[in-house]
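Please construct the entire structure, taking both the sequences and the accompanying hints into account.
Listed below, chain by chain, are the residues.
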Amino acid sequence: MTSARLDPVVEFQSVSKSFDGKRAVDDVSFSIQPGEFFSLLGPSGCGKTTTLRLLAGFEPADPGTGEIRINGRRVNEERPWERGVGMVFQNYALFPHLSVERNVAFGLEQRRVPRAEIPDRVHRALDLVRLDPREFGRRAPSQLSGGQRQRVALARALVLEPRLLLLDEPLGALDLKLRKEMQLELKSLNRALGITFVYVTHDQEEALTMSDRIAVMDRGRIAQLGTPADVYENPRTAFVASFIGESNFFSGRSEALGDRRWRITSAHGVFEVVAEPGVRVAAGAEVGIAVRPEWMDVYPLDQTPPEENAVPGTVQEIIYLGETLHVLVALDAGGTAKVAVRNEGQLIKPIPWTRGARAAVAWLPEDCQVLEPSE
Amino acid sequence: MNLRRRILRWFGRHPGATGYALLSPAIGWLVLFFLVPILVMLAYSAMRRGTYGGVEPTLTFEHYRRFFDPLYLAVLQRTLVWSAVTTVVCLLIGYPVAFVIARATRWRPLLLFLVVLPFWTSFLVRMFAMIFLLRDTGFINGVLLRLGLIDEPLTLLYTRGAVLLGLVYGFLPLMILPIYASLEKLDDSLLEAAEVLGARPVARFARVIWPLSLPGVVAGSLLVFIPALGSFVTSDLLGGAKQVMIGNLIQNQFTVSRNWPFGSAAAFVVMAIVLVAVLLYLRRRDARELLGCSARWLAGSSSSRPWCPCSSTRRW
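Protein sequence lines correspond, in order, to chains S and Y.
Counting the first sequence from 1 gives a position; this note's numbering is that position plus 8.
Counting the second sequence from 1 gives a position; this note's numbering is that position plus 728.
No lab work stands behind these hints: they were computed from the structure.
This structure is a prediction, so every number in the text was calculated from the model and none was measured.
We put the CB at the ideal spot given by N, CA and C, even for glycine.
Check the hints yourself; a few may be wrong.
[What the hints assert, rightly or not] Not the full set, but computed from the structure, chain Y residues with beta-carbon under 8 Å of chain S:
| # | residue |
| --- | --- |
| 1 | D797 |
| 2 | L801 |
| 3 | P939 |
| 4 | L940 |
[As the list claims (entries may be wrong)] To spell it out: a stretch of chain S is covered by chain Y in this simulated footprint if at least three of its residues, at any positions, have a beta carbon under 8 Å from a beta carbon of chain Y; those stretches are:
| # | region |
| --- | --- |
| 5 | 76 to 90 |
| 6 | 284 to 292 |
Written as structure tokens, this is what we have:
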């Protein structure tokens, strides 16, 4: 294991899956590195769960489409129990007729682990997820809280020491506080055990918090794949820009200025923008740009810095959020822009805006994202 | 108006009473039409037989003693064995059917409809229909003769087999429906969890599906076993005079022999056997959750409010 780039644990090579002729997963390719925390993120129906189920082996991929590999081995034809993966389900899927101990022991018994070893391994697995085996071992799943059930489900998967753990929205049923706690715990388990995690979620904040890389999915395809910073700061398409975080969108006709600089003529005015390297922009075509609220600022109409793109409007609402303030500006050419302003103390240094005041929202040409058309 | 308000206010102050109020019609019904007649029967069973039917009010236990005659015990034993065989055969046939219906998606309504369909005709009619199927000039013999597979009709009717066939046919839906209900509730993700943990199909059935369908199996078995034990129409029509079941015996005492006390005593012995058998059956841990807290109470489990049939401690 001296090479910097290890052999991937999971490889999808143009894999598709259709249900009744409708493509749920459409020609998807990606690979996951050992030990990585890899998230599949998207709205419901985007194909993220189907992708995970293809990997687990619950659904067969469309014949003749592509290849799914685990540890370099083609698994398309393998049944779930042959793939050596662990899985945690959204609804926990604990066996209601078995005690906590017997639930965790289930996989060991099925794998013909010697009887004498089982109690010890069950205890260690429960310790790992911080459930006291003496207190909880004999309980029925129905006697546990949601968080405890999720820990049992986790122990049941981890006790088999899989190299790959699949998690299907495992925290979806927990309340916010518990969810945050479990997020950190899952992340530290991922680091401590060196197990590769594939994590399905529709919660963008959860994906940003936990993941090494995120595959944002939309209508059966991967819309963008990258680190949390990549997908948040350089969203490729309008879908990614709106699904992860918030964005203000403008669009207009493009005109090349050279060196990745473009002039955009929109209904709101003429902007100068800088495209990220690799973003394909067709000259003369209609292109969209996304500007994050925190990339913008609000100025009095006559004081906008000349190097910034400015759009005039009227302050419509100021929302106090503690850490930040959101200023909603109704733009003269229609639509509303949201600007996030750092709160430097409204009692000491209040912002000079009031509702109804005339103002402009403005941003630097570098501080926006030129979008590719999403097909 | 005023009365209505006062009643509502009274229930507001006595929240526990609402449950009893809602149950009172059923309780009244059961007391009047179940408890009273059965007590009357209990009293009759310990009285002397009247010369022209009816009873004479003299205490005696001769009828109970008489029941333990080898002749009657043989009938009882036969009835128990047949009922047990009927239950097992119904389970063997019914479980796979229930499984298929629970797994089917598109055809499920149709399959359920077909299972329930026989209930639309009376039990008696269905048993008569079996006669047309089984008799010497019936459908089966007709087909076999026509095909030249046999030279003379087989004796199908008025045999033990005919009675068993009739019992299984009559009670099969009662086995299928509760098993279907428990299999239908089974969460697919449990099977997927078992699969990914290494369980092959046979292990998935033995370790997950079967144990979780046990409540349905227990309910179905009781629903078949108990009426089979008391049935008399089937053995009467399909078994002829030779294949007497305990139900025929009891019925005869009331109608033909006009020996009401002995009929009552026999009925009570059968009832006692059923009750003991059911209690033993329900003592099993898995079975206990099945019939709600009344069964739980009968089975001796501790409940916080064992006297209350609508105790809120139950999970579903």
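Hints, verified against the model:
1. The beta carbon of Y:D797 comes no nearer than 46 Å to any beta carbon in chain S, farther than 8 Å, and the hint placing it at the interface is violated.
2. Because the closest C-beta pair between Y:L801 and chain S is about 40 Å apart, greater than 8 Å, the hint is violated.
3. Interface hint status for Y:P939: upheld, as the beta-carbon distance to the closest one in chain S is roughly 5 Å, under 8 Å.
4. Interface restraint check: Y:L940 against chain S, minimum CB-CB distance 6 Å, threshold 8 Å, status holds.
5. Given a C-beta distance limit of less than 8 Å, the hint that chain Y covers the region 76 to 90 of chain S holds, as 3 residues qualify and 3 suffice.
6. With 0 residues having a Cβ less than 8 Å from any Cβ of chain Y, the region 284 to 292 of chain S misses the three-residue criterion, and the hint is violated.
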